[in-house]
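These protein sequence lines map, in sequence, to chains V and P. Per the working numbering, residue 46 is the first one in the first sequence, and the count goes up by one each step. Per the working numbering, residue 46 is the first one in the second sequence, and the count goes up by one each step.
Please keep in mind that the hints were generated in silico from the structure rather than gathered at the bench. All clues given are correct.
Identical copies look the same in the list; a pair holds intra-copy or inter-copy alike.
For lysine to any residue, the following SDA-like pairs were computed, each having C-alpha atoms within a straight-line distance of at most 25 Å:
1. Lys141 to Arg122
2. Lys114 to Tyr137
3. Lys244 to Arg160
4. Lys111 to Gly257
5. Lys244 to Leu125
6. Lys107 to Pro205
Model, not experiment: these values are computed from the prediction.
Number of protein chains: 2
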Amino acid sequence: MKQFDDRDRAVLHRIIRARRDIRHFRPDPIPSEALTRILEAAHYAPSVGFKQPWNFILIRSKEIRKQIKGLFEEANREELEKLSEDERLDLYRSLKLEGIMEAPLNLAVTCDRDRDAPFQLGQGQMPEMDLYSTCLAVQNLWLSARTEGIGVGWVSILDPEKTAQVLKIPDHVRLVAYLCIGYPVEFRDRPMLEEAGWKERLNLSDLVFEDGWGDKNEG
Amino acid sequence: MKQFDDRDRAVLHRIIRARRDIRHFRPDPIPSEALTRILEAAHYAPSVGFKQPWNFILIRSKEIRKQIKGLFEEANREELEKLSEDERLDLYRSLKLEGIMEAPLNLAVTCDRDRDAPFQLGQGQMPEMDLYSTCLAVQNLWLSARTEGIGVGWVSILDPEKTAQVLKIPDHVRLVAYLCIGYPVEFRDRPMLEEAGWKERLNLSDLVFEDGWGDKNEG
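Whenever a hint applies, use it, and build me the whole structure from the sequences.
Right, dumping it as structure tokens:
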């Protein structure tokens with residue numbers, strides 16, 4: 046049984062706290078050994094019924110990325126409209142929310158809903174479990190990238206169906222994460238939205254309950 | 046900008062590969078400092094719009110865990126019925142799929158769908174993003190627990206609505222993960238389902254495509 050010591054534990058916490066959602070990338074390509082390590086980290090994530098429901102679509106084509114960027118702009122116009130009466134409109138407009146064209150690599154992480162069908166262990170009551178497993182893989186990937194000095198940015202301002210169409214993703218497969226990957230201009234100390242004054246980090250102790258929602262028996 | 050070296054990177058990969066889904070627990074309680082570190086790791090996960098949509102319900106009450114265990118048994122009977130004609134029935138029956146009563150701590154991780162409403166940055170096109178963020182927190186927690194020598198097991202064979210009712214979770218909050226947490230009898234080398242012959246680990250290279258689903262331009 047492998048054990049970890051205080052130093053190992055501290056390393057993990059440093060990685061977790063140094064990870065950022067990156068939108069400003071340098072053009073340098075990602076070495077293939079680093080990319081392999083990052084994908085392996087994802088692949089060793091837990092999955093419901095050991096389903097390993099994920100696929101990874103590496104997107105280097107400028108043509109395809111241009112189409113995705115167009116989908117982002119379309120979707121972001123809708124978001125701007127929602128904020129047209131909101132005092133945060135200018136702040137929102139100032140935020141850089143993706144790095145699709147600058148990042149040397151885009152990565153779509155998908156979930157194959159049919160894998161292992163018809164009996165999908167652990168999904169009978171919670172059919173979304175395979176989507177959740179795919180997210181666990183994304184977090185492994187994100188942390189692993191950070192140790193390579195590589196940044197990851199998750200772009201969610203995209204119509205998932207149109208994006209899936211561009212990537213020829215079949216109907217039984219769900220796009221879970223569209224990621225921009227590359228060496229960042231910098232890893233900032235705090236999340237961009239915190240620095241920009243969009244939102245503060247919540248107090249963890251306010252979020253912890255005991256034995257039932259809202260109960261703070263203290264512990 | 047914090048940098049990580051080869052040694053740090055290797056530590057992360059060791060943690061990722063040593064993490065297991067645990068169902069056999071020892072009764073020893075979890076020290077509060079370790080629990081705090083684990084929850085902090087979760088809280089430092091990325092979240093859409095920096096929403097931090099999670100809450101953590103620590104469940105130590107035996108009475109409540111007994112109710113949850115009853116829900117597991119009810120749900121698992123349904124699963125067994127689905128397999129009644131399947132050659133894997135006996136294998137499935139032999140699997141231990143939860144450690145609700147043995148683990149010293151159960152933890153429900155939830156997602157508050159209303160947090161930051163009405164304008165939820167990054168969720169306009171993909172409303173499920175906050176659920177996904179909550180999963181990222183679970184993976185941080187899982188890895189962090191592993192460095193403490195603490196095991197985590199995700200129980201998904203539970204009716205989520207009935208479970209939410211037992212935990213008094215309000216309608217606008219979704220139960221994402223029900224976890225059993227404690228010191229394991231052992232951390233095995235491979236996933237339990239792999240060892241039991243339920244399913245093998247897939248070949249990563251089969252899961253990687255280039256520029257579109259199914260394309261293997263090699264890279």
